[in-house]
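K.L.:
Model the full structure from these sequences, guided by the hints.
Chains as they are written, first to last, in numbering that gives the first Met the number 0: chain Y, 0 to 276; chain U, 0 to 169.
In case anyone wonders, no lab produced these hints; they're calculated from the structure. The structure presented is a predicted model; accordingly, all values stated were derived computationally and were not measured. Mixed in with the good hints, there may be bad ones.
Derived pair list, reagent style BS3-like, types lysine-lysine, alpha-carbon separation capped at 30 Å [as the list claims (entries may be wrong)]:
id	chain 1	residue 1	chain 2	residue 2
1	Y	K188	Y	K231
2	Y	K162	Y	K48
3	Y	K215	Y	K188
4	Y	K48	U	K2
5	U	K87	Y	K5
6	Y	K12	U	K87
7	Y	K6	U	K87
8	Y	K68	Y	K151
9	U	K2	Y	K12
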Amino acid sequence: MNLYLKKQHSLVKNIVVLLIVILVFIGMLNIFQEQVRDSVYRISAPISKSFLNASSNLAGFFEPFLHAKELMQENQTLQQQNQNLAAQVALLEESLHQNQALGQLAQNTKADSFTTVAVHVIGLDAVNGLMLIDKGSDSNITDSMPLISAQKVVYGKVVKVYKGFSQVLLISSKQSLVNVKIQDADPTKAPIYGAIKGSGNLGVYLDLVSTDAEIKPGDVLVTSALEGIFPKDLLVGSITASTKNDLQPFQTARVQAYFDPQNTENLFVITNYKQEK
Amino acid sequence: MTKLIPIILLLFVVTLLQMSFLPGLMPFGIVPNLAFVIYFCVIFFEDPSRYQDGLMVTIAAGFFLDVFFSPMFGVAIGSLLAIYALVKVSYHFLNDQQGPLLFFSFVILFVIGIVAYSAAIEYATGSPIIGNSAALLVTVAYNLLAACLGFYGYQISIRRSQRTKQLKLL
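P.N.:
Structural data, given as structure tokens:
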């Protein structure tokens with residue numbers, strides 16, 4: 000009996016010592032968090048990049064087989080859109096000459112507005128809407144800087160900066176909120192504002208749109224710059240279906256986001272954007 | 000101890016795979032947590048007298064998962080240690096059991112483990128888990144499939160190693 004008690008006592012003692020050692024270890028890891036993460040990312044970055052390249056090559060190879068039906072539908076939709084656009088081009092050509100002078104001015108101011116840093120994606124956590132990029136404080140990246148693609152599609156904002164790496168909160172994260180407006184060709188109409196919220200797993204939806212506003216599938220959403228993080232007129236996505244409920248103060252809409260984190264390697268961090276107050 | 004270093008290296012590689020290679024190939028970017036599957040198979044089948052190896056694998060798996068998927072260190076390590084304790088306590092009731100009952104216990108414990116781990120990570124990242132129960136279901140299904148493959152793979156490797164030992168005795 001005594002021997003059994005002694006054995007039990009020794010086991011409890013061992014467990015307590017082990018727990019203390021583990022707690023100290025975790026504490027040390029948290030104290031030196033930045034250095035530890037930076038070192039691990041530095042070691043893993045070349046392997047991650049090769050895996051990402053292999054993944055996008057493989058996905059590109061299987062894409063036509065896996066999504067044949069969707070591709071056919073997309074092809075039909077694109078053909079229709081192409082016809083509509085051809086009609087619009089004919090109309091726009093008339094006003095093109097008038098707008099040329101204004102367009103040049105806008106182009107010049109646009110070209111001057113951003114300084115960007117080119118980054119590579121080295122990791123993606125789609126469930127939590129987080130992305131890891133290969134530049135950090137060494138490249139003058141700081142918190143809350145926007146991440147966009149070459150086509151000016153908004154991806155998210157930097158939330159954590161390490162020496163050579165940064166973590167980006169994608170617009171599909173449940174913690175993300177981006178103020179947007181519906182792009183309208185008619186400048187006499189009052190703009191329709193709303194907010195893009197993340198629903199996880201690379202999905203987003205439009206919320207906080209006034210019930211009086213008329214939104215329809217195909218409407219293009221761009222950033223409105225109200226929150227002061229994203230510059231104006233970056234592309235976000237297009238509305239696929241809207242939901243209006245008289246019992247709710249705002250209407251919501253399903254949105255097809257333009258970003259494609261699963262198949263993107265090169266992105267840009269805007270480093271000099273500061274909203275005018 | 001000889002198997003420990005290859006297992007830790009394997010954990011590192013599969014963590015990188017699930018962070019960079021798999022999201023581009025899986026629908027909605029939901030990927031099986033391969034590091035968790037390997038960790039679970041190791042602790043489920045480990046020799047009870049060599050619990051130190053299981054503990055080291057738990058801490059290594061927790062470390063890699065914390066580095067890549069958690070905002071702070073300790074979330075994955077802590078939850079994996081809790082799951083390790085749960086599996087070891089359950090082991091007393093499963094001792095010497097074979098066949099379907101062992102598989103059934105493996106599945107039950109694995110589902111409890113992966114849900115507990117996902118809840119801990121999602122709580123730490125600030126995403127509500129109840130809001131996306133469909134994603135949780137898909138995550139559990141993916142992981143369970145990978146775990147079942149791991150279960151049979153591990154059993155085959157154990158049988159092989161036992162056969163080799165018997166041959167050596169002869």
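K.L.:
Hint by hint, say whether it matches the structure.
P.N.:
Hint by hint, here is what the structure shows:
1. K188/Y to K231/Y: holds (18 Å)
2. K162/Y to K48/Y: holds (18 Å)
3. K215/Y to K188/Y: holds (15 Å)
4. K48/Y to K2/U: holds (28 Å)
5. K87/U to K5/Y: Holds, at roughly 21 Å.
6. K12/Y to K87/U: holds (18 Å)
7. K6/Y to K87/U: holds (18 Å)
8. K68/Y to K151/Y: holds (29 Å)
9. K2/U to K12/Y: holds (28 Å)
Checked against the numbered hints listed earlier, the structure breaks none of them; every hint is satisfied.
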